[in-house]
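Peer 1: Residue 1 is where the sequence shown starts when you use full-length UniProt numbering, and the numbers rise one by one after that.
None of these hints come from the bench; they were simulated from the model.
Please note: incorrect hints may appear among the correct ones.
Below, simulated EDC-like cross-link-like pairs (lysine to aspartate or glutamate); rule was C-alpha separation at most 16 Å, straight line [stated by the list, open to error]: (1) LYS143 with ASP74; (2) LYS182 with GLU101; (3) LYS182 with GLU66; (4) LYS182 with ASP172.
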Amino acid sequence: MRQGALTLMRDLPLFEGVADETLEALTYGALLQWFPRETRLFAEGEIPDFLHILVEGTAMLAGCDEAGQETVIDIVRPGDCFVPAAVLADAPYLMSARTLESSRILMLAAPVLRAQVARDHALALRVMSTLVGQCRGLVREVKNLKLRTTTQRLAAFILSQVDPSPQDEAEDGATVELPVSKRVLASRLGMTPEQLSRTFTKLTPHQLHVTGNTVRVRSVEQLRRHCNVGHPNGHHTS
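With the hints as constraints, model all of the structure from the sequences given.
Peer 2: If you want it as structure tokens, here you go:
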């Protein structure tokens, strides 16, 4: 198992440029497991025992109010790690996590990770880069929720799923497969499922065609302009 974890770690963005000696040390106490769909990985308020890194599948981070009403905070994709700030600070999780489909997850023992971050500057820089990226993503999300309409939020999400490779102007369309159910997507975008359905309907005359979880964008640039959503390399990105 340790050799399998080591091989995976060499391909993960979090460990790019980190020495094999450090990676080998991180495999002590590590676990690599498949989890079924809808498995709770950790709960809000728990102290982290591991840093979870998604290798395959999809998961989500969520928060709950006092009545138990859940809201999706983020969708976790392969290569992402779950709430590293809590792991490094040895502090309670501020959100829970669960799988949305069968998922393969690498779990690194929290005390081992903290010890290696303190010892290895290259690892510390990679972890810091991950924390910075997550912090900036959170700021973008707060701005998205507070400054954009529901139509703009949905358009921005769909456009974020479009292949970023240069588009041929004559072939400006794109097909997007929603990575999660519409119920989860609605919560992620700060809407009810009914609001999401109405927002899809509003966008249908403006470059969108939806069949199940497949979204056909007839013109990426026209959708951006109609919803006033900037290019991914610009200042108005989600």
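Peer 1: None of the hints should be skipped; say for each whether it holds.
Peer 2: Hints and how they fare:
no. : hint               : result
1   : LYS143 with ASP74  : 15 Å, holds
2   : LYS182 with GLU101 : 14 Å, holds
3   : LYS182 with GLU66  : 24 Å, violated
4   : LYS182 with ASP172 : 25 Å, violated
Checked against the numbered hints above, the structure breaks hints 3, 4 and satisfies the rest.
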